[in-house]
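Trainee: Read off the chains here:
Protein chains: 2
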Amino acid sequence: MTELLPNYVAGRWQAGSGAGTALIDPVLGTELARVDATGLDLAEAFGFARETGGAALRALTYKERAALLAAVVKVLQANRDAYYEIATANSGTVKNDSAVDIDGAIFTLGQYAKWGDALGEVRALRDGDAARLGKEPVFLSQHLQVPTPGVALFINAFNFPSWGLWEKAAPALLSGVPVIVKPATSTAWLTQRMVRDVVEAGVLPAGALSVICGSSNGLMDQLQGFDVVSFTGSADTGAVIRSHAAVAQRSVRVNIEADSLNSALLLPDAAPGSDAFNLLVREVVREMTVKSGQKCTAIRRILVPAAVYDAAAEAIGAKLAGVTVGNPRNESVRMGSLVSRAQLNAVRQGLEELKAQASVLHDGSQAALVDADPAIAACIGPVLLGARDADAAQRVHDVEVFGPVATLLPYRDVEHAIALAHRGQGSLVTSLYGADEAALGQAAVQLAASHGRVHVITPDVAQAHTGHGNVMPQSLHGGPGRAGGGAELGGLRALDFYHCKSAVQASPAVLAQLGLSGG
Amino acid sequence: MTELLPNYVAGRWQAGSGAGTALIDPVLGTELARVDATGLDLAEAFGFARETGGAALRALTYKERAALLAAVVKVLQANRDAYYEIATANSGTVKNDSAVDIDGAIFTLGQYAKWGDALGEVRALRDGDAARLGKEPVFLSQHLQVPTPGVALFINAFNFPSWGLWEKAAPALLSGVPVIVKPATSTAWLTQRMVRDVVEAGVLPAGALSVICGSSNGLMDQLQGFDVVSFTGSADTGAVIRSHAAVAQRSVRVNIEADSLNSALLLPDAAPGSDAFNLLVREVVREMTVKSGQKCTAIRRILVPAAVYDAAAEAIGAKLAGVTVGNPRNESVRMGSLVSRAQLNAVRQGLEELKAQASVLHDGSQAALVDADPAIAACIGPVLLGARDADAAQRVHDVEVFGPVATLLPYRDVEHAIALAHRGQGSLVTSLYGADEAALGQAAVQLAASHGRVHVITPDVAQAHTGHGNVMPQSLHGGPGRAGGGAELGGLRALDFYHCKSAVQASPAVLAQLGLSGG
Numbered sequence: 193m194t195e196l197l198p199n200y201v202a203g204r205w206q207a208g209s210g211a212g213t214a215l216i217d218p219v220l221g222t223e224l225a226r227v228d229a230t231g232l233d234l235a236e237a238f239g240f241a242r243e244t245g246g247a248a249l250r251a252l253t254y255k256e257r258a259a260l261l262a263a264v265v266k267v268l269q270a271n272r273d274a275y276y277e278i279a280t281a282n283s284g285t286v287k288n289d290s291a292v293d294i295d296g297a298i299f300t301l302g303q304y305a306k307w308g309d310a311l312g313e314v315r316a317l318r319d320g321d322a323a324r325l326g327k328e329p330v331f332l333s334q335h336l337q338v339p340t341p342g343v344a345l346f347i348n349a350f351n352f353p354s355w356g357l358w359e360k361a362a363p364a365l366l367s368g369v370p371v372i373v374k375p376a377t378s379t380a381w382l383t384q385r386m387v388r389d390v391v392e393a394g395v396l397p398a399g400a401l402s403v404i405c406g407s408s409n410g411l412m413d414q415l416q417g418f419d420v421v422s423f424t425g426s427a428d429t430g431a432v433i434r435s436h437a438a439v440a441q442r443s444v445r446v447n448i449e450a451d452s453l454n455s456a457l458l459l460p461d462a463a464p465g466s467d468a469f470n471l472l473v474r475e476v477v478r479e480m481t482v483k484s485g486q487k488c489t490a491i492r493r494i495l496v497p498a499a500v501y502d503a504a505a506e507a508i509g510a511k512l513a514g515v516t517v518g519n520p521r522n523e524s525v526r527m528g529s530l531v532s533r534a535q536l537n538a539v540r541q542g543l544e545e546l547k548a549q550a551s552v553l554h555d556g557s558q559a560a561l562v563d564a565d566p567a568i569a570a571c572i573g574p575v576l577l578g579a580r581d582a583d584a585a586q587r588v589h590d591v592e593v594f595g596p597v598a599t600l601l602p603y604r605d606v607e608h609a610i611a612l613a614h615r616g617q618g619s620l621v622t623s624l625y626g627a628d629e630a631a632l633g634q635a636a637v638q639l640a641a642s643h644g645r646v647h648v649i650t651p652d653v654a655q656a657h658t659g660h661g662n663v664m665p666q667s668l669h670g671g672p673g674r675a676g677g678g679a680e681l682g683g684l685r686a687l688d689f690y691h692c693k694s695a696v697q698a699s700p701a702v703l704a705q706l707g708l709s710g711g
Numbered sequence: 193m194t195e196l197l198p199n200y201v202a203g204r205w206q207a208g209s210g211a212g213t214a215l216i217d218p219v220l221g222t223e224l225a226r227v228d229a230t231g232l233d234l235a236e237a238f239g240f241a242r243e244t245g246g247a248a249l250r251a252l253t254y255k256e257r258a259a260l261l262a263a264v265v266k267v268l269q270a271n272r273d274a275y276y277e278i279a280t281a282n283s284g285t286v287k288n289d290s291a292v293d294i295d296g297a298i299f300t301l302g303q304y305a306k307w308g309d310a311l312g313e314v315r316a317l318r319d320g321d322a323a324r325l326g327k328e329p330v331f332l333s334q335h336l337q338v339p340t341p342g343v344a345l346f347i348n349a350f351n352f353p354s355w356g357l358w359e360k361a362a363p364a365l366l367s368g369v370p371v372i373v374k375p376a377t378s379t380a381w382l383t384q385r386m387v388r389d390v391v392e393a394g395v396l397p398a399g400a401l402s403v404i405c406g407s408s409n410g411l412m413d414q415l416q417g418f419d420v421v422s423f424t425g426s427a428d429t430g431a432v433i434r435s436h437a438a439v440a441q442r443s444v445r446v447n448i449e450a451d452s453l454n455s456a457l458l459l460p461d462a463a464p465g466s467d468a469f470n471l472l473v474r475e476v477v478r479e480m481t482v483k484s485g486q487k488c489t490a491i492r493r494i495l496v497p498a499a500v501y502d503a504a505a506e507a508i509g510a511k512l513a514g515v516t517v518g519n520p521r522n523e524s525v526r527m528g529s530l531v532s533r534a535q536l537n538a539v540r541q542g543l544e545e546l547k548a549q550a551s552v553l554h555d556g557s558q559a560a561l562v563d564a565d566p567a568i569a570a571c572i573g574p575v576l577l578g579a580r581d582a583d584a585a586q587r588v589h590d591v592e593v594f595g596p597v598a599t600l601l602p603y604r605d606v607e608h609a610i611a612l613a614h615r616g617q618g619s620l621v622t623s624l625y626g627a628d629e630a631a632l633g634q635a636a637v638q639l640a641a642s643h644g645r646v647h648v649i650t651p652d653v654a655q656a657h658t659g660h661g662n663v664m665p666q667s668l669h670g671g672p673g674r675a676g677g678g679a680e681l682g683g684l685r686a687l688d689f690y691h692c693k694s695a696v697q698a699s700p701a702v703l704a705q706l707g708l709s710g711g
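Heads up: the sequence lines are chains A and B, in that order.
Just remember that my numbering sits 192 ahead of the position in the first sequence, which is counted from 1.
Just remember that my numbering sits 192 ahead of the position in the second sequence, which is counted from 1.
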């Protein structure tokens, strides 16, 4: 029997009382560890976090809490090699892909440590300037933000066991809000190990960070009026969370990041062989293959001028043909496996759905695997689909295949292209490729209405741009509509979710006593 | 038969096909008009607003839309006398109370017209400064906001048929988002008349403003991913709205303003007869009686030092004894009626619930009415309750009696007082009375965690302060937890709800082409 990973709640390590669910190496098919949350006293767990953890965190200033994040960074850096090993074993990712998860988390924590340090030795944040409430400036309205006196529950997705925790925990802890993370079961090991390392290092106050591995049953029931819940995963589960009494009746704030049919859009001025064309091809191939396409931000739809369709299909296909797939332990492998056989089956099924309305332009799905048994490994090579009638191919705008799959779509003119991008009904990100800055700026504003992020790649930023799918902590992460309507990151904007906003109406002398940041 | 007030949807006046629901004069008991929404083509109504109204509004700049608001102000001012007559007849309010609703609306519209004018001739709003995404400033992240390409549905409460429409419509229209308002049936007349006047004046683009009177059946079903819904009313209905598929599954953004057990807190340093003490007494009496206590922001709980309890009871009771109640058409009447007999019954029932845990300190409920038949009129005089054990009186912190009723509660020390205020589990507003500015500032920050607004009254602002219950457009209106978690007003903060936020990542040259406000 493999190790049963304990949960950390109410300030102590607690094993579940059930047999547990096995975590599997998706390449080798071997069992790695087990997780179980059966029998935990969830009321005690949430109460301890909310009261003990919350009180300790709120007693600190923003600058002091920023120092906690910096201390977490040191702990994670010290144990970085172990995390890469776990990622290889449990997520089946090559080193570069593990880095997105592990180093991405450390980078994000470091950014919030830096930003938080600049907030200073205060316990409440100034929100804008004071506004007069009459002709004379004798009675004013000053908005401020204070930490919500509750707990933050994170119900996370399998694709980012590290970054998914820390990109949420960084702003939460900086805000003074204790965190309970429930990682997706299939890849829970890395999350659990990171929490273990941080707990053992003793760098956070008791109750500030808890981890519950296994079933999420009963977690939502524990939430009270000032708690918040942040969910990343399917739209269906998102709807269940949003309908839960905690949200519907107790006004628990909810952040949801769900399905997203992201797009890449080559502007009309970009001919085959142009810089913009080549940048699109490179970025599409990167997005399809990084983490085997298991990123919420990955490009799913590629919009190109109709005249460029064939050339784009050829150029993308040629590059995809060079992608080696298989065991991430083999250095010749560029793309590892999906997270599980269940995901592999879901991707295959999704491919069939799309194929009913699209043709195959490049098929890597049958290619030989390197160092991996196709009967066991959750590996699949990249597949480029195409649909010459982009309007008719409804499923392409509707079905998110969470793997190395994207669909090429031709458009007539830029209005048509923007309309097709909007067909995603709200997405996390779109990227634009071109050289006409005025046209790019205009398209970016139009696309902003249905995308949380618009990534514009011009030839002059070929080296400097940060990537379509990379989520930078400086920028908003989340999208409207089917993407869930969430708002994470975006620098200090992320703190809003963990704060209560209030308008204090008072004389200038009283306002001077509030002890706010800045100003 | 009285007039059946038509609805205005899809650019034309449309009568419901049913018999309608009668609107009643709550003082005289007579029927005033009828409303009905049976048989409306709601899909057409929402489609017309979303497409025709939305496109027309978004084609304008913020400055141009601000001019629309200024034009609406002129229309409402020109018809102001008619609105006062409708308010007297349909809401049973005295002139001063009607003013809160009518002139409060005009003032709020005027403020947004002014603020919007300053945003200038742009169609997208800058959100903060651009942030570098690398060491060199060659690739940046610029956040911006653009109007959500949807419709705003307002499901409003009976107590503010005028202000409730315009405090929401002002930021929505300024944001470029068309409005469909569903007023509470019992007082729908004023809302319908105002929409009629604005439509007849032709000052808004077709589809920008619609009104549906009567049942709200089917309205939520029409909402799509980029629409928003704003509800003011009971927590129970709020929960139904939040659980609706439009919200849970389609990520329709929702703003809810629900029950609130607001408080007033006399700080420990205020002795009977002090300025602060007198200011508390005056404000409590005003809040209990304005609009007969039918304000979401009215003071429901009065927290005073235990030593001051008896003096406060006496002083408040003495002032309440002078409040004349009855027909608002009689100039000697200070307080008119509740909105309906149903509300009168609800208030009486709520009083009984509270009396199980509180004693009566002043009973105006049996006093004679002026010019009104107690068997017909929905009038009730003010009632001051008191509970010497504030901790034990759970219902006082839980049951919102929506009428001229408040409960006096003694506290031991300021920590106890703050804990009692928090017992409301999230409220719209609390007010503080004292002279010690440091103590007031400290208490204000602590109370900010559970109150959307903290109103601080010191002797130096006795004349200048804007009132505990008055909602100023400069300040946030909404509260966490049981208050619904909403956020209205707060100056330009109100525009957030009607905008999509996006991060554009691009070169400085592309960002220069976005055409953003300010900066």
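Please keep in mind that the hints were generated in silico from the structure rather than gathered at the bench.
Since the model is a prediction, treat every value here as computed from it, not as a measurement.
Any given hint could turn out to be false.
The list treats identical chains as interchangeable, and a pair is accepted whether it falls inside one copy or across any two copies.
Pairs of lysine-lysine residues, derived as DSSO-like cross-links and limited to a Cα-Cα distance of at most 30 Å, are as follows [unchecked claim]:
| # | residue 1 | residue 2 |
| --- | --- | --- |
| 1 | LYS255 | LYS327 |
| 2 | LYS306 | LYS255 |
| 3 | LYS266 | LYS511 |
| 4 | LYS266 | LYS547 |
| 5 | LYS306 | LYS511 |
Trainee: Would you pick out the hints that fail for this structure and give their numbers low to high?
Mentor: 3, 4, 5
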